[in-house]
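Enquirer: Using the working numbering, the first residue of the sequence shown is number 35, and each one after it goes up by one.
Don't read these hints as lab results, they were simulated from the structure.
Fair warning: this is a prediction, and the values are worked out from it, not measured in the lab.
There is no bait here: all hints are sound.
Pair by pair, the computed Cβ-Cβ distance ranges are: (1) F156 / A67: 38 to 44 Å; (2) L47 / I172: 48 to 54 Å; (3) L297 / Y143: 35 to 41 Å.
Think of the CB as a built atom: it goes at the ideal place given N, C-alpha and C, for glycine as much as any other residue.
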Amino acid sequence: MNALLANLGRRLLGGYSLAFFVFLYLPIGLIVAYSFNSNPINMMIWDGFSLDWYRSLFGLSTSLSENALYVESTDQLLAALRTSLVVALTTTAISTVIGTLTALALARYRFRLQKFYRVLLFMPMLMPDIVLGIALLIFFVGVGMPLGKGSIIIGHCTFLISYVFLIVSARLAGMDTRLEEASADLGASPWTTFRRVTLPQILPGVVGGALLAFIISMDDLVITYFIAGVDSTTLPVFIYGMIRRGIKPEINAIATLLLIASLLIAALGLYLRNRKPATSQDDSHG
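Working from the sequences, and respecting the hints, build out all of it.
Expert: Listed below in structure tokens is the structure:
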């Protein structure tokens with residue numbers, strides 16, 4: 035009886051796992067498949083294989099290139115994608131540097147209100163997006179700052195720094211501080227110790243925080259919706275506006291390209307995380 039119940043439990047668990055993964059990944063598979071659908075009106079009706087939607091994204095001639103409204107809408111879509119990439123890359127660079135330096139400061143130094151400052155860094159992650167978006171909008175309007183790419187970058191940095199700080203802090207917590215002490219005892223300067231000892235040890239956390247910041251920035255909708263200007267629409271905001279008028283086939287193509295880019299970024303992150311820092315005998319003799 036026990037064996038029968040155990041076998042039944044394994045079957046139920048296997049069926050539930052299969053249903054879970056189908057529910058999770060089937061919509062993604064459909065997006066990829068219908069990105070090659072030649073039907074420009076109803077994406078759920080398969081009319082044949084076509085690469086027109088990918089050609090239009092890269093500015094190549096298609097059978098629809100003579101439609102002025104179609105070309106204008108595609109140009110707006112590409113402009114939104116460029117804005118998202120610019121904002122995400124800039125925000126990732128800023129938040130990675132500030133988040134990493136903040137994690138190092140809180141891990142290596144002791145000062146007053148340190149615990150309060152650490153808790154303060156977690157607040158942007160705990161705060162609802164709509165509350166943070168409204169607060170940022172009120173702040174930018176109050177200081178007279180025009181809404182645009184600058185406001186989006188500042189807004190994204192306010193909460194992405196916390197994510198980078200959290201990941202790098204976790205990496206620093208597992209680091210052996212005796213390595214830094216040994217480097218200092220051997221006469222290395224603080225900068226040399228950081229460059230040759232500390233940074234190689236925390237590099238996986240820095241890379242992981244940067245990748246997470248990039249993905250979140252590219253995907254953010256709620257906060258960006260409040261602080262984006264008229265001429266600085268990002269891709270999520272643009273797609274959100276298109277849903278009310280009907281989704282264009284290019285959305286599937288962009289989603290597929292973003293999916294491929296995400297997989298490549300994740301693979302790069304895994305490679306950098308698993309790669310052991312190279313040791314140089316010259317450094318030890320220098």
